[in-house]
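Residue numbers (full-length UniProt numbering), protein chains in the order written: chain A, 1 to 308; chain B, 1 to 544; chain C, 1 to 296; chain D, 1 to 343.
FYI, nobody ran anything at the bench for these hints, they're computed from the structure. Owing to the predicted nature of the structure, the values given are computational and were not obtained by experimental measurement. We treat Cβ as the ideally placed atom computed from N, Cα and C, and that holds for glycine. Heads up, a few of these hints could be off.
Simulated crosslink set (DSS-like; lysine-lysine; CA at most 27 Å straight-line) [unchecked claim]:
1. K42(A) / K388(B)
2. K433(B) / K398(B)
3. K213(B) / K85(B)
4. K76(B) / K42(A)
5. K42(A) / K430(B)
6. K100(B) / K165(B)
7. K90(B) / K484(B)
8. K85(B) / K170(B)
9. K42(A) / K398(B)
10. K42(A) / K100(B)
11. K433(B) / K42(A)
12. K236(B) / K42(A)
13. K100(B) / K251(B)
14. K433(B) / K385(B)
15. K90(B) / K76(B)
16. K484(B) / K76(B)
17. K388(B) / K76(B)
18. K318(B) / K76(B)
19. K241(B) / K213(B)
20. K318(B) / K373(B)
21. K42(A) / K480(B)
22. K202(B) / K85(B)
23. K42(A) / K251(B)
24. K170(B) / K318(B)
25. K251(B) / K241(B)
26. K100(B) / K90(B)
27. K348(B) / K42(A)
28. K236(B) / K170(B)
Quick list of simulated restraints, FRET-style, between CB atoms [to be verified]:
29. L10(A) / H170(D): 53 to 61 Å
30. S126(A) / T271(C): 23 to 31 Å
31. A236(D) / F111(C): 50 to 58 Å
32. F111(C) / V293(A): 19 to 27 Å
33. F28(A) / K385(B): 32 to 40 Å
34. S300(B) / L62(A): 45 to 53 Å
35. R7(A) / R202(C): 29 to 37 Å
36. L74(A) / G91(B): 35 to 43 Å
37. N48(D) / A201(C): 58 to 66 Å
38. F172(A) / V79(B): 28 to 36 Å
39. S126(A) / P290(B): 43 to 51 Å
40. E86(A) / G35(B): 33 to 41 Å
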Amino acid sequence: MFRYIVRRLLQMILTFFGATFVVFALMFANQDDPVQALAGEKPVSASLREALTERYHLDEGLLSQYWYYMSNLLTGDLGESISGREIGTLLEDSWPVTVRLSLMALVIAAALALGAGVWSAIRRGSVFDNGILAFTLLLLALPIVVLAPVAQWIFGMELGWFPATASRNASFYALLLPALVLATTVVATQLRVTRTSVAENLRADYVRTARAKGLAPRRVIWVHVLRNSLIPLVTLIGVDLGVLMSGALVTEGVFNIPGVGSKLAQGIRTEDGPMVVGFVSVLVIVFLVMNLVVDLLYAALDPRIRYE
Amino acid sequence: MLGKRPWRMAAIAAAISLLVAGCGSGDSEDPTAAGNTVVIGISEPQHLLPTNATDSSSAQVLNSLFYPLVTFDAEKNPVEVAAEKISVAKGNRVWTIKLKPGFTFHNGEPVTAQNYIDAWNYGAYKPNAQGGGYFFDRIAGYADLNPLDPDGDGPEKAAEPTTNKMSGLKKIDDLTFQVTLSAPFASFKSVIAYSVFFPLPKAAFSSDGVIAKGFEENLIGNGPFKMKGSWVHDDKIVVEKYADFKGVVPKVDGVTWKIYGDQMAAYADLVDNNLDVQTTIPTDALANAPADLGERFQKSENSVFEFIGFPTFLPQYKNPNVRKAISMAINREEIASQIFLGSRTAAKSFVSPVVSGYRENSCGEPCEYNPTKARELYQQNGGPKEIKITYNVDGGHKSWVDATCNQIRASLQVNCIGEQEPKFAVMQDKLQKHQDIGLIRLGWIMDYPLMENYLNPLYGTNGGSNYYGWSSAAFDTLVKEGSKAATPEASIKKWQEAEDILAEEMPVIPLRYGQNVYGYSERVTNVEVDLFSRVNLYELETLA
Amino acid sequence: MSDPTLPATIDTRPRSLSGDAWDDLRHSKIFWVSSGLALLILLMAFFPTLFTSANPADCTLSRQYAGPSGGALFGFDYQGCDVFARTIHGAGNSLWVGLLATLLAGVIGLFFGMAAGYFGGAVDAILSRGIDIVLGIPFLLGAVVFSGRLSGAGDDGVTAVTLTLGLLTWTSAARVMRSSVVAAKGQDYVAAARMLGASPARLMFRHILPNAFAPFIVVMALLLGANIAAEATLSFLGVGLKGDAISWGVQIAEAQKHARVAPAPLIWPSTFLAATVLAFIMLGDAVRDAFDPKLR
Amino acid sequence: MTDIKAQLDVLPGLDPRAPLLQVNDLHVEFRTRDGVAKAVNGASFWLNPGETLAILGESGCGKSVTAQAIMGILETPPGHITRGEIRYRGVDLLKVREAERRRVRANRVAMIFQDALSALNPVYTVGFQLAELFRVHRGASRADAKSRAIELLDQVRIPAAKSRINDYPHQFSGGMRQRVMIAMALALDPEVLIADEPTTALDVTVQAQIMGLLAELQRQRNMGLILITHDMGVVADVADRISVMYAGRIVEEAPVYDIYARPAHPYTRALLESIPRLDLKGQQLTAIRGLPPALTAIPAGCAFHPRCGYAKEPCRQDPAPPAYAVAPRRTARCHFFREVLGE
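Chain A on its own, in the form it takes in the complex:
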């Protein structure tokens, strides 16, 4: 097992370079005129354009730009964004709130998916099962673009249960509403997958044995059946955490949370290569770590799966 983890860590380094190059290439393909993008609609004087092009090697090829970026990165200097701010500080500013927001959303979604998923698997075809199905599908079908502002308007402004917006170091309570909204984007899939997996396991012979051992239904479900049906849910949780971090763009916008999502969007809009790659590098690391944890959880959950 230890050798497996070491091998996975080595792979991470390769993947890290792969990911940064892919994103750099995408940003390069997306680059038209970063200097103008920065100035928005104001005209850009020739001298300003030349100076910035020079400083950020904007006129050079993809490979040389990537080389500049990587040589700086290896010396620990994440470089400067085109708007002149240290990318390191940008990361420090936006990651904490994003980690908190996405973790809260994930815990809420996983808890709901687990609880309702198991319950609707037991009561397949019941009113609860179909009710939960319809509710989660409605959440899924309502684009986040509609859900976030409506949630803010109803719970934030009209009922006043939550503050309408949250700042970078907002309190746990202030982040609750955005976390709930974010949770809706992943809860539907997690719940359905759990429901299917539990339903499938309820048919297994060991459940009959467990009943024959005189165990209470609660124990049969929550000890014996659950552990066998967690693998699909765990897989999704691994993927969803990263998706929540980079995909929270709309929710962060509506609730004015300066997180990774909105910084990425800003970077992409102003064609700011170094900034976007800086963020994506950290994101890819999160995905890599999460996927390693998920793969280890496979082995923990199902002894038949072994890694040499």
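Use these hints to put chains B, C and D onto chain A, whose structure you have.
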């Protein structure tokens, strides 16, 4: 391996993550609660160094930290503020600026002429790549600081500037300095009102011509407020009253500039009274603003001018009559009231009403909505079967472009589509390559309140924003003569003649003038927003 | 001649999985309701004129937010266009984008997941890390690059949006498929099939796939719903459909801004979208339950 | 062993003198979409301590359903017990509330299943699944439960029990897994053990070991054993009495030697004739004509009549033949049992 109980595993994981989520609760105190201070909403400024800051958010913050040389009275004429006296020699080339005595920077340094000279030189010096650099292009010696690349994108690099001091700037004594322009310009006094011309203390420079690291996060200015803590990016900038400020003392003790990524989020806080002033209420919230804010929802003039440019380099748009027909097919009043709910007014001339010399309806008949005449004229002159209006998607223009297209379709019976370009830069690039992207949506905000600041950049042959390839020698000479004219009144007469040529040629379709549409909370009163969409910090008052 | 001693009631027709499945489906109410709804929506997508004769593009500002009148059952929206006509005509693009993108994501997800799960070792490492890289690519970046580069003049952006969604949303399907293949690979029946000389391809698709299919189908059905809704987010971010293309996503992104003043132009397309998602997912569920002998 | 054998008074009204287990006229039906399947149509039998009753019949005749009904682990819906009694020591288990019924399960009446691999939970160690019984039913501490589990594994002769306690089911061979099942069933020292085809999935040599182990453990604990099988060979050397089941009914019941010597029901006779014997080497094996009836449409009268050589007119009409007393402690449901006996 992980113990027998999956439940213990899950519980531990959930606990850890909630702990992490909860721990960063930091200062969630409500910024508005503290006494006689106000919270004003802005978007994240790109830069705060005066010579590098050209967007409206940074201008607002700088306006609180610095004291402008000049400002404008009700008739939009320039009036001295930090300057004692600004005089100009005959020929409108040599300007002498005398400062009021006794002013100090927030760190105690006295304000001297040298501060202005160092700041302006820093701004103009090309390697510093300052966003506001082009404001100094009229001062003699600017060219030495900005040698141009001889062959454009070619291999040759531009030469290094030989000096970082402009010859046109000369210190007379501690409180007076002289500015010599490369060409006479009667209204230079209006130009130096802009925030780019603020002074910088010696403390700003770590060595000659090099800004100290972190200065931008902890600005030291000569204005009524000074920084309290440093600039917390994407969160807030807090300023408090500067005790021994010699100028006009504002009524509030401090301002928290709260940074919003999205205007709708700011509006939500405004309605919730978490935010005291929002200078631009987003169009999407206009429908509910009167109901939500009542009489705390107000409007005031600003310099925004929206128009559609014709790609005159394309054959189908060469004929002025075709351009006039399209202009007559658009009902400006209906769009202004139905789409913008009165937050914009119909534009019937080529410059903004805020500049002196503006004439009501200088465009005349082509700007009147007359569908039947428009269709006749259009068909007589063989207008194209399909009209495209291109706009950059990240500016929120989709709704009014679609509405305009629907009107054109109804009036001229031709197909009309709103074409989205992901970025403004892509649109510009296609225009420079004379590609057929149809009509182009454009807008302009003035740098200083002069007709020239509309005529030259938008319609001048090598105007910075003249993307439609329209040029008229007669127009250019009239504008130049206006600039050189002895008195501002003479300049205006020349500029108005130039505008008449525009009415004849119709290179663009004037659509709308913008307005400041702003709102404030129940905690404040006397809220005024000026021409540059800046809150007047001196009149602003909190209710007890 | 059937054997006289056999009790007449035994059904002697040969029984196949699909035969049993159809038998099952015929009885389930959900199947009929969802397939009926899906058929209606498909009909709406391909033959909008059956439902409304009004021209969705004929909008006049004077009718802004006017109430329902004559053919316009849902009233008029912000631009004064007939909401009913636009919703019906919008079905085409929404479904087209939703189905195609999900199909593309499904195929890629299936192959990546199956290969990674089945071969394991180096192949699994490369493919899984490839999945991590694609997960790392921010959704908006992919959308901006595709919509910027792909759509020539005049194209309404459908190909760009479909590619964006298709190439970026297959990762969770791949991960779920991989995890169920990894679990299924260890079963005895796979060893037995291999012992009988089944080729890897046959092993994968004839033996492992049916057993690893249940969670995959669930994720795919949900992905269809998510993709149709995602098109709205893309339109909101300005990288969705272009020109005068109509879809529920475009309608929702537009109506969302004025929802507090005029909720109707938002409610109707969202309801249609929710109904479509519900229909296809219930259909997916019913079919999956029928085809999965274990859940009999 | 005995220290944990606290005789919990699991159920009120237990009568030590009453028969250990008495099943009277049990009816179970499954309501499926294709109609109502009558899996059990009036099964009756009884069991005394230390006795082994074999329930014999082809697959699909309702023997497993009967076992599950006794254990009370039938899934309702679709399975429903419509009539009959299951008396354990005089108490009808069908009338008992589920919470109390659960205390009887594995405590007093235990069961082992056919395929031990799928019957054991693949993701928990064997130790956990064994210790669980003591922790849940006896509230034993983790350590006590673990030591009891190791003891049990020794008892069922699993080598190196102390180290294997932390292994998972897939790490055991077929025979070993079945021993674990037996250990699990006997953990709480039940009075009745129901073995549902315990050795069908095993090869012959392991089969003999398992049956030997069962017999030995039964003798030690004076346990009642119900052996459900379709294998006549296994029954011969283990069972005391045999009940032959067909289409959900006990068609014949008798001591094991009587049945082998002189079967009283045509179905039993046909079963015996179809056992391959060495002396018939090279000859065509006799098989029973036709197929067992679909449970949704059981023929009227004696369910076996369509396949029965002796069938005459009365066999085809309702009511089904009663359980005639062929001899003391022996019955058969066939109007012409004398004829079957005679030959």
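Against the structure, the hints come out as follows:
1. Of the pairs offered as hints, the one joining K42(A) and K388(B) holds, with about 23 Å between alpha carbons and a cut-off of 27 Å not exceeded.
2. Distance check on the hinted pair: K433(B) and K398(B) sit about 24 Å apart at the alpha-carbon level, within 27 Å; holds.
3. Among the hinted pairs, K213(B) with K85(B) is inconsistent with the structure: their alpha-carbon atoms are about 34 Å apart, more than 27 Å.
4. For the hint pairing K76(B) with K42(A), the CA-to-CA distance comes to about 23 Å; that is within 27 Å, so the pair holds.
5. Of the supplied pair hints, the one linking K42(A) and K430(B) holds, its CA atoms being roughly 17 Å apart against a limit of 27 Å.
6. For the hint pairing K100(B) with K165(B), the CA-to-CA distance comes to about 24 Å; that is within 27 Å, so the pair holds.
7. In summary, the hint linking K90(B) to K484(B) is supported, as the alpha carbons are separated by about 11 Å, within the 27 Å threshold.
8. For a cut-off of 27 Å, the pair hint linking K85(B) to K170(B) stands: about 16 Å separates their Cα positions.
9. At most 27 Å may separate the alpha-carbon atoms for a hinted pair to count; K42(A) and K398(B) meet this at roughly 20 Å.
10. Distance check on the hinted pair: K42(A) and K100(B) sit about 33 Å apart at the alpha-carbon level, beyond 27 Å; violated.
11. With a CA separation close to 19 Å, the supplied pair K433(B) and K42(A) stays within the 27 Å bound.
12. For the proposed pair K236(B) and K42(A), the alpha carbon gap of about 25 Å is at most 27 Å, so the pair holds.
13. Simply put, K100(B) and K251(B) have alpha-carbon atoms about 22 Å apart, close enough for the 27 Å limit, and the pair holds.
14. Of the pairs offered as hints, the one joining K433(B) and K385(B) holds, with about 23 Å between alpha carbons and a cut-off of 27 Å not exceeded.
15. The hinted pair formed by K90(B) and K76(B) meets the criterion: a straight-line CA distance of about 23 Å does not exceed 27 Å.
16. At most 27 Å may separate the alpha-carbon atoms for a hinted pair to count; K484(B) and K76(B) meet this at roughly 20 Å.
17. Restraint check for K388(B) and K76(B): not satisfied, since their Cα atoms lie roughly 38 Å apart, outside the 27 Å limit.
18. Taken as a hint, the K318(B) and K76(B) pair is broken in the structure, with Cα atoms around 37 Å apart against an allowance of 27 Å.
19. At roughly 25 Å between alpha-carbon atoms, K241(B) and K213(B) fall within 27 Å of each other, so this suggested pair holds.
20. Restraint check: the Cα-Cα separation between K318(B) and K373(B) comes to about 20 Å, which is no more than 27 Å; the hinted pair holds.
21. The straight-line distance between the Cα atoms of K42(A) and K480(B) is roughly 23 Å, inside the 27 Å bound, and the hint therefore holds.
22. Restraint check: the Cα-Cα separation between K202(B) and K85(B) comes to about 24 Å, which is no more than 27 Å; the hinted pair holds.
23. Among the hinted pairs, K42(A) with K251(B) is inconsistent with the structure: their alpha-carbon atoms are about 34 Å apart, more than 27 Å.
24. About 49 Å separates the Cα atoms of K170(B) and K318(B), which puts this hinted pair outside 27 Å; it is violated.
25. About 9 Å separates the Cα atoms of K251(B) and K241(B), which keeps this hinted pair within 27 Å; it holds.
26. As the CA atoms of K100(B) and K90(B) are separated by approximately 24 Å, the hinted pair is consistent with the 27 Å bound.
27. Taken as a hint, the K348(B) and K42(A) pair is honoured in the structure, with Cα atoms around 23 Å apart against an allowance of 27 Å.
28. Proposed proximity of K236(B) and K170(B) is contradicted: the alpha carbons are some 38 Å apart, above 27 Å.
29. As the Cβ distance of L10(A) to H170(D) is approximately 30 Å, the hint placing it in 53 to 61 Å is violated.
30. Between S126(A) and T271(C) the CB atoms are about 25 Å apart, so this pair conforms to the stated range of 23 to 31 Å.
31. Take A236(D) and F111(C): their Cβ atoms lie about 56 Å apart, and the range 50 to 58 Å holds.
32. For F111(C) paired with V293(A), a C-beta distance near 25 Å keeps the hint of 19 to 27 Å intact.
33. Against the hinted window of 32 to 40 Å, the Cβ-Cβ separation of F28(A) and K385(B) comes to about 39 Å, which satisfies the hint.
34. In this structure the hint that S300(B) and L62(A) lie 45 to 53 Å apart at CB holds, the actual value being about 48 Å.
35. Against the hinted window of 29 to 37 Å, the Cβ-Cβ separation of R7(A) and R202(C) comes to about 31 Å, which satisfies the hint.
36. Range check, L74(A) to G91(B): Cβ separation about 59 Å, and the 35 to 43 Å hint is violated.
37. In this structure, N48(D) and A201(C) meet the distance hint of 58 to 66 Å, their C-beta atoms being roughly 60 Å apart.
38. In this structure the supplied range 28 to 36 Å is violated for F172(A) paired with V79(B), their Cβ-Cβ distance being about 52 Å.
39. Taken as a hint, the range 43 to 51 Å holds for the pair S126(A) and P290(B), whose Cβ atoms sit roughly 49 Å apart.
40. Between E86(A) and G35(B) the C-beta distance comes to about 35 Å, which sits within the given range of 33 to 41 Å.
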